[in-house]
Every structure is written in C-alpha cells, then in structure tokens.
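Whole structure, please, built from the sequences with the hints as guidance.
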Amino acid sequence: MNEATTATQEVPAEIERFDIIFRIQHVVMFTTFLLLSFTGWGIKYAHAPHGLSSIWIRVWGGADMAGLIHRIAGVAMLLDFIFHVIYLGYLFATKKMTINLKTTVIPLPKDIFDVVQNFMYFLGLSKKKPRFGKFSYAQKFDYWAVFWGMFIIGFSGFALAFPMLVSYIIPQIASEWIWQLLWLMHSDEALLAIVFILFWHFYNEHLKPEVFPMSWIWITGRISTEKLKHHHPIEYEHLFPEAAKKNKKH
Amino acid sequence: MSNNRLLVIVAPLLFLTLLLLPRPVLCQESANCLACHSAMKGRIKTASGALVELNVDAEKFNASMHGSLSCSDCHIRFSDNPHTTPSSGVPQTVLSLSTRISSKFKIDPVAGAACITCHEETYKKVLESVHGKNIVDKHQPDGALCLDCHGSPHYIKPAKDEDSPVGRKHQVETCGKCHGNEKIIEKYKLEENVMESFQESFHGRKLFLGHTKAPACSNCHNAHDIRSKNDPESPVFGKNKLVTCGKCHKGANEKFVPAITHKRPGPIPHYGEKLLIILTIGVFAFIVIHVLLEAFSDIRDAIFRKKEEEE
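Line order of the protein sequences matches chains A and B.
For what it's worth, my numbering labels the leading residue of the first sequence as 1, then goes sequentially.
For what it's worth, my numbering labels the leading residue of the second sequence as 1, then goes sequentially.
One or more of the hints may lead you astray.
Listed below are several chain B residues computed to face chain A (Cβ distance under 8 Å; list not exhaustive) [stated by the list, open to error]:
| # | residue |
| --- | --- |
| 1 | F256 |
| 2 | T280 |
| 3 | I287 |
For each label pair, taking beta carbons as the anchor points, the in silico distance ranges come out as [what the hints assert, rightly or not]:
| # | chain 1 | residue 1 | chain 2 | residue 2 | range |
| --- | --- | --- | --- | --- | --- |
| 4 | A | G61 | B | L292 | 37 to 45 Å |
| 5 | A | G61 | B | P91 | 51 to 59 Å |
| 6 | A | H206 | B | G251 | 23 to 31 Å |
| 7 | A | M65 | B | K239 | 33 to 41 Å |
| 8 | A | E14 | B | T212 | 52 to 60 Å |
| 9 | A | M65 | B | S48 | 49 to 57 Å |
| 10 | A | I112 | B | I299 | 25 to 33 Å |
| 11 | A | G61 | B | E254 | 31 to 39 Å |
| 12 | A | I112 | B | I268 | 46 to 54 Å |
| 13 | B | E120 | A | A48 | 41 to 49 Å |
| 14 | B | T212 | A | A13 | 30 to 38 Å |
| 15 | B | K189 | A | L52 | 33 to 41 Å |
| 16 | A | I169 | B | G282 | 52 to 60 Å |
No farther apart than 30 Å at their CA atoms in a straight line, the calculated lysine-lysine pairs in the DSS-like style are these [as the list claims (entries may be wrong)]:
| # | chain 1 | residue 1 | chain 2 | residue 2 |
| --- | --- | --- | --- | --- |
| 17 | B | K239 | B | K229 |
| 18 | B | K263 | A | K44 |
| 19 | B | K138 | A | K44 |
| 20 | A | K44 | B | K250 |
| 21 | A | K140 | B | K160 |
| 22 | B | K125 | A | K44 |
| 23 | A | K44 | B | K213 |
| 24 | A | K44 | B | K274 |
| 25 | B | K189 | B | K138 |
| 26 | B | K41 | A | K44 |
| 27 | A | K44 | B | K247 |
| 28 | B | K250 | B | K274 |
| 29 | A | K110 | A | K227 |
| 30 | B | K241 | A | K44 |
| 31 | A | K96 | A | K227 |
| 32 | B | K133 | B | K41 |
| 33 | A | K44 | B | K124 |
| 34 | B | K229 | B | K138 |
| 35 | B | K229 | B | K124 |
| 36 | A | K208 | A | K129 |
Simulated from the structure, these hints should not be mistaken for lab results.
All C-beta atoms, glycine included, are put in the ideal place defined by N, C-alpha and C.
Printed below as a string of structure tokens:
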C-alpha cells in the first residue's frame, strides 16, 4: 500500500482481510485438525478407565478406520501447510505481499511490549489498551503456533505414519532413541495443540463477548473498517492515513 | 413304493435330522464321572498336601474343545485317590514325560503329560522352549506349562474365542501374570518393564482399542516355542528382528526395528519429554492466565467503564 494516498481518500465500509485462498487453507486446516484430534485422542488415552477410549474409537469405525482417518487427515494437513508456504512464496515473488512492520505477522519486539501493556490493562494498572497492527500478538501467537505444530507434530507424525520411508534418512546412531522421541513429541505436542486451540483460539475467536459466537472473517474474509479502527488501529492508520488524521482532529 | 422313491424322501429327512442334532453329547464315561463331579463343590487336600478342585462344570466342559474326550483319556491313572481303577496302562511317552514335569503337577502329572497324546508337536516345542526347559531341566514349580496359559483343561476354548486366555483379547494379561509379577521377574531376572512398555507402545494401544492387525505378545515372541531374548534362535534376537518385524512391516531394516522395544526410554527421549512437558505447562499457564484476566477485564469494562467506552 502506498503511504502517499490522496487527501480525498474514501474509507470503504469494509476491507478484505483474508483472500479466498487463505480462507480455504483455514477450512482444510481446522477440518483435518478436528479429525486428527478426535482420532488421536483415542489412542493417546487408549487405557482410559472403563474402556471409554474403545467406545470412542468405535464411534470412528474402529481402530483400523480411525488409524486410516488419522493418516489421511494428517497427510492432508501437511499438504495444506506446504501449500500455504508455497502460496506465501508466490505472493512475495509477485510483490502482492510485502513485509511491512505495521501489517506483518512476523513477531516483533513491540509484541512483547504489547503483552506487558495488555496485562497492565487487565490488572487495572494502566487505562490504555495496546494498539495493534494488522495482527495482534494474540493472533501472531495463534499463527506461529501452527508452524510450531506443523514442524513438531507434522513431521513426527509423518515419520510415524511412514516409518519405513523415514528409516532410510535417519542416522544409524539416532535409530535407538529417535522413534521414542518422535512418538513423545507427537503425543505431547498434540495435546498442547488441542489445549491451545481450546483455550486460546476458542476464546479469542469464539467466546470473547465482542465476537461471540464466532468471528465471521473465516467465511467472509472481510472486516468492517469500524472494527478495524477499533481492533487494529495501526493498520487502519496505515491504510487510511487521511481519515485517521481527521478523526484525531475531531 | 419303489426303493428309489423311498430314498428321495428319506435321505433329505435324514440329512435334516443330522443338521438339527445337537453337538455330540458327553460320552458315557464322562457322564458317569460328571454325575458326581458336576455336583461336588470345594477342594480337598491330597496326602501329598496339594489341593484338588473337585468341581467340573459339566456344561462348560461339554462346550469346550475337549468336551468330546472322556475323562480317562487324560486322567489315565490316579495315583492317590478314591478311584482305584487304572483303566489301562499308561503309554511310555506319557509316563516318562510325567516324571519330567512332576515339579509342576503335584496332583496328577500323568494327566499333565497326557496332552502330548494329541498335541505331540506342540508339546515338544514347549519342552524345547525357555518355559519348558525351566520345568524339565530346572524343575521349577512356578514356570509356565500348558495350563498356566490355556487355563483349565476342562474348559479350553479355541484361541479365536474372545474369552480364551491366549486369544487376542486376554493374551497380554495372561503373559502378564508372570511377566508383570515382581517376584517372578526378580527370580528369573526377566526384563522388568515388559508390561508397561507394551501398554504404552503403539502396538499395545492399538491392540487394546481392537485394531485387527495390532500384534499381541505371541506375534513377535512366538507362542509354544518361546525363547529367551538372548537365545540366537529367538525371533527377537539380533537380526532375527528384521524377519519378525518384516512379517507386518514389509522392508523392515536395521534402523526401523529399534522402534519397538521393552527397554525404558533412554536419556534423550526421557529428558526430551520433560522439556516438552515444561513447554506445555508453560504455554498452558500463560494462555489460561491471559484468557481469564482478559475475560475479567472485559466484564470490569462492561460494568464500570461503560462511559469511557462511549467517549
């Protein structure tokens, strides 16, 4: 976006926040995530009391079917992730997306200060809420958590689903312990991912009073400029500097 | 009516009758014995100090794999009891075997050896196995022989049956009677973490959840010809694992087979997991505190700071 926009800049009612390709990636991501969580939960807690997990796994068509669903969903999620990275590469290569400190999802020192500021606000120590760019630290956290999950859970899951293929590339000295490590990584980080989604993502995008029952951006991809001004003031000022200046004068 | 026509009518009827016939009923001799033993309850002490269970459940016996046998097929001779009628001479093979396994059978070693009459090949495998040698060579009373795994010979079920102690559903707990027993593990210096590591493993979890291809103990370790893991003929000894794992995992190689082991996790997975747990708890603490504080501050704002919002 160009900083030198004309003074007669019109502020639209809403702007596009995520294009259709990102939205599809998100749908694939959460569908596979749910399938993986539901089927994986059964085997993580296979020995749950009263055979609860056996009953749960039967809901998914038995252990064989649950395993198949888990593998298919896992591969689909990995492909979705790889596609996301390729798509980002394409956007950068064609200059459709550029790195700007006010709109980037890359974590910056400012985010740390925002966290501190926000906690001060929560505790009543400050009356000022932190001002966010396109992505608040909570949203950046949400985004990069998926990256962390894909690297740790995704690749360990791939190794566990296709051990024979992966066994050729692991070094001989690691073979004694790597399988156990992969399995622990997969299982523990999957739990972290589920907990993260349940608390962080669900609160921020579903349960928060201002978005309940959910933020509709995942379907429409659009955010009203009113909301933008409120939740992402730095991005708003960046997009509509003239309008922002006028507002300030008022 | 011609003979042919008679046949046409009678043959199907006969056939149908055969179909409708119940399972072969108890043979006369078994019926005689069970007349008392199915009604008797409790146990008695023999002169040698062993306790004998008197009751034989006739119905369960009849339904078992051995229901068509007669009692004296196995109880060929009674050494010490009120029934002093040795029906026939004991075959030499059974007799000599009975002396070898006598440490296991305080009451009727001949009956314990009689299994070999029908299950010759299997029994010989067992005698050669680590379980068998423990009894035959070391004369241990607490080692495993037929009944320790298969349960009472009177109620033997096919291994495919859900209730069979050696079937997929109960096999692990059956092996665990000894391999999860601290005293036995200590006495025989067995691998100590066997039961826990199996239950924790993918194999154990899948088996427990009813996966149709997940292995139980005997799929890797063999059943009757079970051997010590240090025996070069054991299917889990050294390179034999390549073949054993390869039964399910085609192309199993040397870097793949260490994936499943009964050993405790080494230092790297152990401390790796500790790190991951710290990370999980740390993230969890952060997000829960954050979410709760934010929710409270939202409520606070809604109640006390409404005016400021409107400005």
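Hint-by-hint comparison with the structure:
no., hint, result
1, F256, "4 Å, holds"
2, T280, "4 Å, holds"
3, I287, "5 Å, holds"
4, A:G61 to B:L292: 37 to 45 Å, "38 Å, holds"
5, A:G61 to B:P91: 51 to 59 Å, "53 Å, holds"
6, A:H206 to B:G251: 23 to 31 Å, "46 Å, violated"
7, A:M65 to B:K239: 33 to 41 Å, "35 Å, holds"
8, A:E14 to B:T212: 52 to 60 Å, "53 Å, holds"
9, A:M65 to B:S48: 49 to 57 Å, "55 Å, holds"
10, A:I112 to B:I299: 25 to 33 Å, "26 Å, holds"
11, A:G61 to B:E254: 31 to 39 Å, "35 Å, holds"
12, A:I112 to B:I268: 46 to 54 Å, "32 Å, violated"
13, B:E120 to A:A48: 41 to 49 Å, "45 Å, holds"
14, B:T212 to A:A13: 30 to 38 Å, "58 Å, violated"
15, B:K189 to A:L52: 33 to 41 Å, "37 Å, holds"
16, A:I169 to B:G282: 52 to 60 Å, "31 Å, violated"
17, B:K239 to B:K229, "12 Å, holds"
18, B:K263 to A:K44, "20 Å, holds"
19, B:K138 to A:K44, "42 Å, violated"
20, A:K44 to B:K250, "26 Å, holds"
21, A:K140 to B:K160, "55 Å, violated"
22, B:K125 to A:K44, "38 Å, violated"
23, A:K44 to B:K213, "18 Å, holds"
24, A:K44 to B:K274, "17 Å, holds"
25, B:K189 to B:K138, "15 Å, holds"
26, B:K41 to A:K44, "46 Å, violated"
27, A:K44 to B:K247, "26 Å, holds"
28, B:K250 to B:K274, "34 Å, violated"
29, A:K110 to A:K227, "22 Å, holds"
30, B:K241 to A:K44, "26 Å, holds"
31, A:K96 to A:K227, "24 Å, holds"
32, B:K133 to B:K41, "35 Å, violated"
33, A:K44 to B:K124, "41 Å, violated"
34, B:K229 to B:K138, "19 Å, holds"
35, B:K229 to B:K124, "20 Å, holds"
36, A:K208 to A:K129, "16 Å, holds"
Against the hints set out earlier in the document, violations occur for numbers 6, 12, 14, 16, 19, 21, 22, 26, 28, 32, 33.
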